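**Student:** Chains as they are written, first to last, in my numbering: chain A, 2 to 171; chain B, 3 to 102; chain C, 205 to 830.
Worth flagging that the hints you see were computed from the coordinates, not collected in a lab.
Hints are not guaranteed to be accurate.
[Unchecked claim] Subject to a maximum C-alpha distance of 30 Å in a straight line, what follows is the list of computed DSS-like cross-link-like pairs (lysine-lysine):
id, chain 1, residue 1, chain 2, residue 2
1, C, Lys374, C, Lys568
2, B, Lys89, A, Lys164
3, C, Lys313, C, Lys374
4, A, Lys164, B, Lys101
5, C, Lys732, C, Lys510
6, C, Lys510, C, Lys373
[Stated by the list, open to error] Quick list of the computed label-pair ranges, beta carbon to beta carbon:
id, chain 1, residue 1, chain 2, residue 2, range
7, C, Val826, B, Arg90, 41 to 47 Å
8, B, Arg90, A, Ser165, 16 to 22 Å
9, C, Met814, A, Val21, 54 to 60 Å
10, C, Ile782, A, Leu151, 51 to 57 Å
11, A, Val21, C, Glu804, 15 to 21 Å
[What the hints assert, rightly or not] Covered stretches of chain C (chain A as the covering partner; in silico rule of three or more C-beta atoms under 8 Å from a C-beta of chain A):
id, segment
12, 500–509
13, 818–829
Only a predicted model underlies this, so the values are computations on that prediction, with no experimental measurement involved.
Glycine included, each C-beta is placed from N, C-alpha and C at the ideal position.
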Amino acid sequence: MSIDTVLLYFFVVAALAGGVLMLVAQHPMRVALALIAVMLSLAGVYAMLGVHAVAVFQVLIYVGAVMVFMVYVIMLLDVRDPSFVVRYGRLLLPGVALGTLLATVLGLGMAQMRVTPAAAGVETPSYLVRPFSQEFLQQYWLHFELTSVLLVAAVVAAIAVIKSGRRQDG
Amino acid sequence: MADLQVLLWLSFVLFGIGLVGVMVRRNALVMLMCMELMLNAVILALVVFSLRTATLSGTVLVFLIFVVAAAEIAIAIPIVLMLSRQKRSLDVEGYDSLKG
Amino acid sequence: MNLLTVIVLLPLAGFVLNGLLGRRLGPTFVSVVGCGLPILAFLATLEAFSTLQLTGPDAALIEHAYQWAAVGDRTFDVAFYFDRLSAVMTLIVTGVGSLIHVYSTGYMKGDASYARYFAYLNLFLFFMLTLVLGRSLLVCFVGWEGVGLASYLLIGFWFEDPAKAAAGKKAFITNRIGDAGFLLGLFLLYHVLGTLNMDEINAAFGGPVAPAVSASLVGVLLFIGATGKSAQIPLHVWLPDAMAGPTPVSALIHAATMVTAGVYLVARMHGIYEHAPLASQVVAVIGVMTAFFAATIALVQTDIKKVLAYSTVSQLGLMFVALGVGAYGVAVFHVYTHAFFKACLFLGAGSVIHALGGEQDIRKMGGLARRIPVTFVTFAIATAAIAGIPPLAGFFSKDEILWFAFASGYGGSTLLWVVGSATALMTSFYMFRLLWLTFLTPSRMTHEVEHHVHESPWSMTGVLVVLAFLSAVGGFVHVPEFLEPVLPLATARESLEHYEHTLVYVAVAVAVAGFLAATWLYRGGLAKGDALAARFPRLHRVLGGKYFIDELYDAVLGRPLHWVSDRVFLRAGDRFVIDGTLHGLAATTRRVAGRLGSIETGQLQWYVAMAVLGIVGCLAWVWRHV
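Construct all of the structure, not just a fragment, from the sequences and the given hints.
**Tutor:** Printed below as a string of structure tokens:
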């Protein structure tokens with residue numbers, strides 16, 4: 002068993018643990034930290050798999066942007082209400098039951114599925130940052146640019162929401 | 003490559019945890035984070051598929067998901083801010099204005 | 205020059221002008237247009253008539269005005285046909301029609317709907333002329349329906365009164381029953397002969413190869429139409445009620461012209477009836493029954509217009525007797541004389557009603573002879589004419605009808621003559637009763653009414669004088685002989701020829717007897733008549749109730765229909781099935797929505813749970829089917 006495999010499984014277990022922690026932790030800040038742990042573990046997994054581009058952006062975007070934003074909001078909203086004290090809502094049992102049900106159904110499907118390795122002779126593309134980026138921007142530049150439209154829309158929407166809130170406040 | 007199978011199961015479990023979290027947790031911000039977890043699970047699955055088929059398209063989708071996630075959080079956080087300002091609470095069970 | 209088309213279209217122009225502009229341009233315009241155009245039509249008819257006279261006795265002017273429709277290689281033309289029969293009818297319609305228009309200017313003066321009245325009246329003339337001039341039975345049918353419409357509009361002219369509106373409806377609906385028979389006859393004729401032109405149909409039935417259809421069947425079907433329009437048993441019930449309309453309308457439509465359309469139709473289609481002894485017998489029997497029963501009802505009526513209405517029904521019955529025994533020309537002769545004296549009587553009655561401010565009950569009249577002398581004299585002449593006093597017009601036509609009823613080689617019989625003569629006796633009696641009670645007996649008017657009595661304006665009395673004059677001398681025109689080239693007369697049985705003079709004496713005696721009986725009974729007022737009624741109370745009630753035919757129809761037809769409509773169609777069908785279905789659907793939707801609404805808790809996580817449930821269902825389904 003190589004060191005790579007060991008590390009891979011370490012990250013897998015860490016991600017799993019972080020997920021479970023998210024479910025049971027009480028304070029949102031702890032949940033956020035657990036989520037950051039999951040994300041970092043997944044980034045490790047991607048790195049182990051050799052998909053470096055994804056690993057890098059996982060850290061940069063998710064941990065660096067999204068989660069920092071989230072943590073900042075948690076600190077900002079110093080609201081004290083039952084949701085900070087009580088972990089679960091009324092739907093705990095039905096929710097768990099439904100989750101189990103979905104897991105069973107999905108698991109039944111997954112159990113029948115075998116992920117076989119890629120067929121021999123097919124050249125695996127390189128996921129190193131430089132070749133990947135060149136490939137990516139040559140083939141998928143249009144899709145990539147179009148996502149900027151989505152981002153612009155999101156920015157406009159965010160401003161609109163904030164403004165409407167101000168107007169309501171007077 | 004038994005690893006890919008294991009990773010797919012990991013994706014499956016994380017997704018399930020995220021879904022249950024969305025259903026059962028009471029804090030709106032926690033719900034949001036559980037949704038992020040679900041997205042991460044999906045990204046993992048996409049990476050696995052991309053490796054399995056030895057193509058780039060899976061990873062391209064991953065990048066699109068990054069963008070979507072960023073956009074989502076950019077809108078979701080202001081909405082949560084508004085809600086908490088209006089209801090003075092982050093308790094989703096208090097949000098029942100759409101009751102039929 | 206399309207003279208016939210012009211004749212037909214002139215009244216239509218009047219209808220359009222009066223209908224569209226009449227209200228705006230005022231009564232003078234309405235009077236000029238309303239009377240002027242019918243008079244022009246009358247003059248045009250005279251012109252056409254003189255042209256016809258030059259062409260020859262059995263000639264006809266035919267004018268194609270318009271091709272209505274083409275189906276395959278067959279065409280339906282609007283064509284006008286003008287022979288001596290149409291000529292007589294057109295002259296009556298335009299002549300008497302014009303006179304009554306003139307009379308109406310006086311009678312309807314000041315009515316709020318003056319323009320509407322003249323528009324309707326002109327519309328009626330248009331349709332009536334279409335009826336009598338149409339060459340195709342189809343065109344005739346359009347006129348036939350059109351006069352029904354005009355009649356409906358005019359009966360219900362004062363539609364603010366529900367009873368009058370109902371009378372109009374009754375006339376229309378009763379006519380529809382007859383029209384159904386007429387239409388069936390048309391279908392049958394077209395199916396067999398492929399044409400609806402009257403002259404061609406007559407020729408086909410008179411031709412060497414008989415058409416492949418029973419002439420009697422066609423004859424009876426067409427006669428059903430005639431019973432509706434001409435108020436014969438069993439469809440006579442509408443005519444007395446039709447008196448709800450303005451009196452000149454009663455005179456024009458319900459006495460002189462429209463109701464004789466049935467007579468015209470049968471005379472026009474004489475080619476069929478000549479070869480349909482059975483249908484002719486039906487016509488004669490229905491005719492004589494109508495004549496007799498209507499006369500008995502007229503004996504006890506107390507409304508001046510109702511008496512005249514039943515008298516009209518009775519006289520129409522006599523015309524059908526003539527048609528039934530093959531004396532078509534004689535029937536038209538009676539149409540012609542009847543138009544004069546009955547129009548005169550109705551207009552006289554209108555003058556009386558006008559003078560009394562709307563009073564129609566003859567028990568509340570009397571002594572009017574000195575107060576309104578012109579009306580009295582003209583009314584008396586017309587009464588004598590209808591009663592059959594020689595040498596007035598009614599005597600000639602009625603005498604000829606009775607003679608043919610007795611002696612015709614085509615269905616004449618003693619029984620017909622006896623019943624017909626009894627009718628004539630009663631006619632004479634009730635007409636003189638009317639004359640006595642209205643004009644001659646001591647006044648029974650209330651003081652207030654008596655104070656207002658006045659003679660009508662010259663526009664009314666002038667018309668009365670003209671009509672009375674025509675009633676007096678009209679009989680000297682020998683219409684049957686004039687029509688013989690187009691309407692063959694049945695020959696009298698030779699064995700009976702020598703009774704001819706005897707019958708004339710009997711007819712005169714009958715008329716005089718009726719006069720004497722009425723004089724004896726009513727000269728002193730109502731007392732003797734009431735005493736007689738008291739002696740036969742049951743008979744009096746039956747006659748006064750018009751044999752309770754309306755009540756019978758109501759019980760046999762009206763109520764079951766009403767019951768079925770109400771219970772089956774309204775309650776079971778409409779309210780229960782249709783409304784019930786809709787209400788049920790709506791209620792179900794509402795109930796289901798109420799239940800489903802409780803799912804919408806507003807709880808975000810509940811929605812997520814439902815969505816997950818759906819995803820699980822979808823996945824399970826997909827796994828099963830992939």
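**Student:** Are the hints correct? Go through all of them and say.
**Tutor:** Right, here's what the structure says about each hint:
Our distance criterion of 30 Å between C-alpha atoms is met by lysine 374 of chain C and lysine 568 of chain C, whose separation comes to about 28 Å. Between lysine 89 of chain B and lysine 164 of chain A the alpha-carbon distance is near 18 Å, which keeps this suggested pair within the 30 Å criterion. For the suggested pair lysine 313 of chain C and lysine 374 of chain C, the alpha carbons sit about 28 Å apart, so the restraint of at most 30 Å is met. Simply put, lysine 164 of chain A and lysine 101 of chain B have alpha-carbon atoms about 26 Å apart, close enough for the 30 Å limit, and the pair holds.
Using a Cα cut-off of 30 Å, the hinted pair lysine 732 of chain C and lysine 510 of chain C holds, with the two alpha carbons roughly 21 Å apart. Between lysine 510 of chain C and lysine 373 of chain C the CA atoms are separated by roughly 18 Å; this keeps the pair inside 30 Å, and the hint holds. At about 44 Å, the CB distance of valine 826 of chain C to arginine 90 of chain B agrees with the hint of 41 to 47 Å. For the pair arginine 90 of chain B and serine 165 of chain A, the beta carbons lie near 18 Å from each other, so the given range of 16 to 22 Å is met.
Under the hint 54 to 60 Å, the C-beta atoms of methionine 814 of chain C and valine 21 of chain A, about 26 Å apart, miss the expected range. At roughly 54 Å, the beta carbons of isoleucine 782 of chain C and leucine 151 of chain A sit within the given window of 51 to 57 Å. Valine 21 of chain A and glutamate 804 of chain C have their C-beta atoms about 33 Å apart, which leaves the hinted 15 to 21 Å range violated. Here the segment 500–509 of chain C counts 0 residues with a CB under 8 Å from a CB of chain A, which misses the bar of 3, and the coverage is violated.
Remark: the segment 818–829 of chain C is confirmed as covered by chain A, as 5 of its residues place a Cβ nearer than 8 Å to a Cβ of that chain, reaching the required three.
Of the numbered hints listed earlier, those contradicted by the structure are 9, 11 and 12.
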